[in-house]
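Trainee: Residue numbers (my numbering), protein chains in the order written: chain A, 8 to 122; chain B, 43 to 156.
Hints in this document: simulated from the structure, not taken from any laboratory. Glycine included, every Cβ here is placed at the ideal spot set by N, Cα and C. It is possible that some hints are incorrect.
To be verified - Cross-link-like lysine-lysine pairs, in silico, BS3-like; alpha carbons within 30 angstroms at most:
1) A/K85 x A/K64
2) A/K10 x A/K85
3) B/K155 x B/K119
4) B/K110 x A/K66
5) A/K69 x A/K10
6) A/K64 x B/K119
7) B/K155 x B/K87
8) A/K66 x A/K85
9) A/K10 x B/K87
10) B/K87 x A/K60
11) B/K110 x B/K87
12) A/K10 x A/K66
13) A/K69 x B/K97
14) A/K64 x B/K110
15) A/K60 x B/K119
16) A/K85 x B/K87
17) A/K66 x B/K87
18) B/K57 x B/K97
19) A/K85 x A/K69
20) B/K110 x B/K155
21) A/K10 x B/K119
As the list claims (entries may be wrong) - Cβ pair distances, simulated, as ranges:
22) B/H81 x A/S80: 38 to 44 angstroms
23) B/S153 x A/L91: 28 to 34 angstroms
24) A/E92 x B/S120: 30 to 36 angstroms
25) A/I19 x B/E84: 40 to 46 angstroms
26) A/M25 x B/K155: 43 to 49 angstroms
27) B/S153 x A/S65: 29 to 35 angstroms
28) B/T49 x A/L37: 44 to 50 angstroms
29) A/I45 x B/T49: 17 to 23 angstroms
30) B/G43 x A/S34: 32 to 38 angstroms
31) B/R98 x A/Q24: 49 to 55 angstroms
32) A/S65 x B/H109: 42 to 48 angstroms
33) A/L67 x B/G51: 32 to 38 angstroms
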Amino acid sequence: GPKVLQIPSHQIIDMGQMVTLNCDPVSNHLYFYWYKQILGQQMEFLVNFYNGKVMEKSKLFKDQFSVERPDGSYFTLKIQPTALEDSAVYFCASSPGLGGRREQYFGPGTRLTVL
Amino acid sequence: GDSVTQTEGLVTLTKGLPVMLNCTYQTTYSPFLFWYVQHLNEAPKLLLKSSTDNKRTEHQGFYATLHKSSSSFHLQKSSVQLSDSALYFCALSLYGSSGNKLIFGIGTLLSVKP
């Protein structure tokens, strides 16, 4: 089936550094998402992105977070600067559309550890 | 606010037995429900989806029926296999909300023993 790839699978950085998480979504999909999962808790929506713009973001999407997908390349989540509470697994997802085609396809996640 | 509740954190069963994983939701929007399955170190994969009231949907031996009257979308299988051991997430998508975010339950870990 359709696959979403995420690079890297693990990232360890020092607090205050910048980190960029990369996502390669399904090729004909139009909507892109980031979710955050802290160990032992449920996956929570961060942001979604369509046609070059953020459509909706949650309160977890702090000012230090940004997303972009320049020229159809990777869909990225950048955190600058990082904080200890940013340690989590970040899942990228994409979907072909809305309405009856709203199912989201997930990547395997990037485990981010902030020291 | 909108939410999804999965009451069982861990379900342990012997191979061949039936299983039901509970999922209830709260929303004022028209709901679209999903079940995702995540095997160890893999991506969550879509298992089932439904927005139609009282219609059973099936895939890979699993089935679920959306009941809007009770706000439920329980996942069932008549005979579990060892390969069904995984984490199962129920998720809610809302018609009428912008951008189609998913609201997840906390997940149920299904462990199938020989």
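Trainee: Does each hint hold? Answer for all of them.
Mentor: Comparing the hints with the structure gives:
no. : hint                               : verdict
1   : A/K85 x A/K64                      : holds (14 angstroms)
2   : A/K10 x A/K85                      : holds (22 angstroms)
3   : B/K155 x B/K119                    : holds (15 angstroms)
4   : B/K110 x A/K66                     : holds (29 angstroms)
5   : A/K69 x A/K10                      : holds (28 angstroms)
6   : A/K64 x B/K119                     : violated (36 angstroms)
7   : B/K155 x B/K87                     : holds (22 angstroms)
8   : A/K66 x A/K85                      : holds (16 angstroms)
9   : A/K10 x B/K87                      : holds (10 angstroms)
10  : B/K87 x A/K60                      : holds (26 angstroms)
11  : B/K110 x B/K87                     : holds (24 angstroms)
12  : A/K10 x A/K66                      : holds (28 angstroms)
13  : A/K69 x B/K97                      : violated (40 angstroms)
14  : A/K64 x B/K110                     : holds (28 angstroms)
15  : A/K60 x B/K119                     : violated (41 angstroms)
16  : A/K85 x B/K87                      : holds (25 angstroms)
17  : A/K66 x B/K87                      : holds (26 angstroms)
18  : B/K57 x B/K97                      : holds (28 angstroms)
19  : A/K85 x A/K69                      : holds (11 angstroms)
20  : B/K110 x B/K155                    : violated (34 angstroms)
21  : A/K10 x B/K119                     : holds (26 angstroms)
22  : B/H81 x A/S80: 38 to 44 angstroms  : violated (29 angstroms)
23  : B/S153 x A/L91: 28 to 34 angstroms : holds (32 angstroms)
24  : A/E92 x B/S120: 30 to 36 angstroms : violated (43 angstroms)
25  : A/I19 x B/E84: 40 to 46 angstroms  : violated (22 angstroms)
26  : A/M25 x B/K155: 43 to 49 angstroms : holds (46 angstroms)
27  : B/S153 x A/S65: 29 to 35 angstroms : holds (32 angstroms)
28  : B/T49 x A/L37: 44 to 50 angstroms  : violated (35 angstroms)
29  : A/I45 x B/T49: 17 to 23 angstroms  : holds (21 angstroms)
30  : B/G43 x A/S34: 32 to 38 angstroms  : holds (35 angstroms)
31  : B/R98 x A/Q24: 49 to 55 angstroms  : holds (50 angstroms)
32  : A/S65 x B/H109: 42 to 48 angstroms : violated (28 angstroms)
33  : A/L67 x B/G51: 32 to 38 angstroms  : violated (23 angstroms)
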